[in-house]
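> Here the structure of chain X is known, so what remains is to put chain Y in place on it, guided by the hints.
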Amino acid sequence: MLTAILAISLLALVFGLILGLSARYFQVESDPIVDKIDALLPQTQCGQCTFAGCRPYAEAMAKGEADINQCPPGGQATIDALAELLGVDSKPLNAEHGEEEEPTVAYIDEEVCIGCTLCIQACPVDAILGAAKQMHTVIADECTGCKLCIPPCPVECIDMVPIKQDIELWKWPYPETTPEASRTDTPQTQEAMP
Amino acid sequence: MGKDDKIKVEVAYALPDEQLILEVEVEPGTTVKQAILRSGVSGYFQDLDAEQSKVGIFGKLTKLDKVLKDGDRVEIYRPLIADPKEVRRQRAAAGKVMKKGAREADSQSDEK
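In the order they appear, the protein sequences are chains X and Y. Going by the numbering used here, the first sequence opens with residue 3, and the numbers climb by one from there. Going by the numbering used here, the second sequence opens with residue 11, and the numbers climb by one from there.
So here's chain Y without its partners, still in its complex pose:
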């Protein structure tokens, strides 16, 4: 692949019941922010403010000026609704296990 070739990236945004992945062809050296603007993702969702949202690539938070590589999926995130500390407190109060594999650990303790 020559240096002048365009690279293919994706821009994704997801609501619980509607998810959108847009494919965009951009020049090498394009940043996350430029790709989001190019994709026009804001036009599909009224409440989406891409400038204010946290963004990332494949599950890793990144800055808006990060330069993209071929095949990257730019993701626009939404904030959490639950407070992680509060959820943990509630689960602890209910006597539930809070660790990796919670469901299995719970069913095992139920059997005992």
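Next up, chain X with everything else stripped away, as it sits in the complex:
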């Protein structure tokens, strides 16, 4: 009886110690909900949500200071995912922040670029390769399509072009018929059947 009590309390003590120590040593520094929200955002760092980047927006959302529908690059899919994560109702994108567009990347017209570096300074993700009086080139794989490089360009040599579709980017197109259309279609086909 005594050994049983001793063994159990010893076990409890050891596990308690392990728990206590691991809580201290494996402490998560930031709020995990911020990380989860940040993981859902598209990381364009475009600032269209009025925050400096995706992480500040995630932090504001975690604090309840920002709404979930302020991210045009993410679009409805991101809003739905955020609604699910935060346990709130999904809503349409706030048009004040922009409209959902097809993904694009910046492309520099080499005939016109004067190597001024203003676009490089504007790029939030270091996706432009170039230096003063050297050719500037967009690294398409790094470009998030945030368009922040376009306004600073003094010679208007940057254009947004649709992302080249390859096997990794291709996805099934959305069905062309809307739910309303298919609903009106169904009775007609039923009438035609007999």
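Worth flagging that the hints you see were computed from the coordinates, not collected in a lab. Careful, some of the hints might be misleading.
Derived SDA-like pairs (lysine to any residue); straight-line CA-CA distance at most 20 Å [unchecked claim]:
id, chain 1, residue 1, chain 2, residue 2
1, X, K135, Y, Q44
2, X, K135, Y, R83
3, X, K135, Y, T40
4, Y, K73, Y, D59
5, Y, K18, X, K135
6, Y, K76, Y, Q44
7, Y, K73, Y, T40
8, X, K135, Y, R101
9, X, K149, X, V114
Derived CB-CB ranges, DEER-like [to be verified]:
id, chain 1, residue 1, chain 2, residue 2, range
10, X, A79, Y, K70, 34 to 40 Å
11, X, E86, Y, G53, 44 to 50 Å
12, X, K135, Y, K43, 18 to 24 Å
13, X, A41, Y, K43, 36 to 42 Å
14, X, Q167, Y, Q56, 23 to 29 Å
15, Y, R48, X, D128, 32 to 38 Å
16, X, L171, Y, D59, 41 to 47 Å
17, X, E101, Y, G105, 28 to 34 Å
18, X, V90, Y, E61, 57 to 63 Å
19, X, D128, Y, G105, 33 to 39 Å
20, X, T52, Y, G105, 30 to 36 Å
21, X, V90, Y, D75, 54 to 60 Å
22, Y, D75, X, I165, 37 to 43 Å
Quick caveat, the model's predicted, so the values are computed rather than measured. Quick reminder that beta carbons are idealized off the backbone N, C-alpha and C, glycines included.
This is chain Y only, laid out in the frame that chain X set:
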């Protein structure tokens, strides 16, 4: 991080339709030139002559013997095609604005 640990740097070269960033692990004290040679970037592009090209780190021109730090991106540049003076002259002749934020300034003047 101890002094003997290797540092990670990148070597990048970009053409309009093909860009390449190579990751290389090098010893501390490695120079820009050594990193470019180590990366083997010349093997990917026929016209690339890394010795003759201007190079830099994250948008700043540097010399080939500059010593790298961890996380640096060595960039190999290509010369401009356009003559900046000529582009400016043409834009001035066309009555376009030539300053920071040209596109916005133009659209505003169009509205007037």
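> Taking the hints in turn, state whether each one holds.
The hints, checked one at a time:
Straight-line distance between C-alpha atoms of K135(X) and Q44(Y) comes to about 24 Å, which puts the hinted pair past the 20 Å bound. This hinted pair checks out: K135(X) and R83(Y) have alpha carbons roughly 19 Å apart, not beyond 20 Å. Taking the CA atoms of K135(X) and T40(Y), the gap is near 26 Å; set against the 20 Å cutoff, the hint is violated. Our distance criterion of 20 Å between C-alpha atoms is met by K73(Y) and D59(Y), whose separation comes to about 15 Å.
The suggested pairing of K18(Y) with K135(X) is violated, with an alpha-carbon distance near 28 Å, which exceeds 20 Å. Our distance criterion of 20 Å between C-alpha atoms is met by K76(Y) and Q44(Y), whose separation comes to about 10 Å. For the given pair, K73(Y) sits about 13 Å from T40(Y) by alpha-carbon distance, which is consistent with the 20 Å threshold. At most 20 Å may separate the alpha-carbon atoms for a hinted pair to count; K135(X) and R101(Y) meet this at roughly 18 Å.
Our distance criterion of 20 Å between C-alpha atoms is met by K149(X) and V114(X), whose separation comes to about 18 Å. A hinted range of 34 to 40 Å for the beta carbons of A79(X) and K70(Y) is consistent with their spacing of about 38 Å. At roughly 47 Å, the beta carbons of E86(X) and G53(Y) sit within the given window of 44 to 50 Å. Between K135(X) and K43(Y) the Cβ separation comes to about 21 Å, which falls inside the hinted range of 18 to 24 Å.
In this structure, A41(X) and K43(Y) meet the distance hint of 36 to 42 Å, their C-beta atoms being roughly 39 Å apart. Roughly 27 Å separates the CB atoms of Q167(X) and Q56(Y), a value that falls within the hinted 23 to 29 Å. R48(Y) and D128(X) have their C-beta atoms about 21 Å apart, which leaves the hinted 32 to 38 Å range violated. Range check, L171(X) to D59(Y): about 33 Å between beta-carbon atoms, so the 41 to 47 Å window is missed.
Our hint of 28 to 34 Å for E101(X) and G105(Y) holds, since their Cβ atoms are close to 31 Å apart. With their beta carbons about 59 Å apart, V90(X) and E61(Y) fall inside the hinted range of 57 to 63 Å. Separated by about 35 Å at the C-beta atoms, D128(X) and G105(Y) satisfy the suggested range of 33 to 39 Å. One distance hint, 30 to 36 Å for the beta-carbon pair T52(X) and G105(Y), holds here, with the actual separation near 35 Å.
The hinted window of 54 to 60 Å between V90(X) and D75(Y) holds, with their beta carbons roughly 57 Å apart. The given range of 37 to 43 Å is respected by D75(Y) and I165(X), whose C-beta atoms sit roughly 39 Å from each other.
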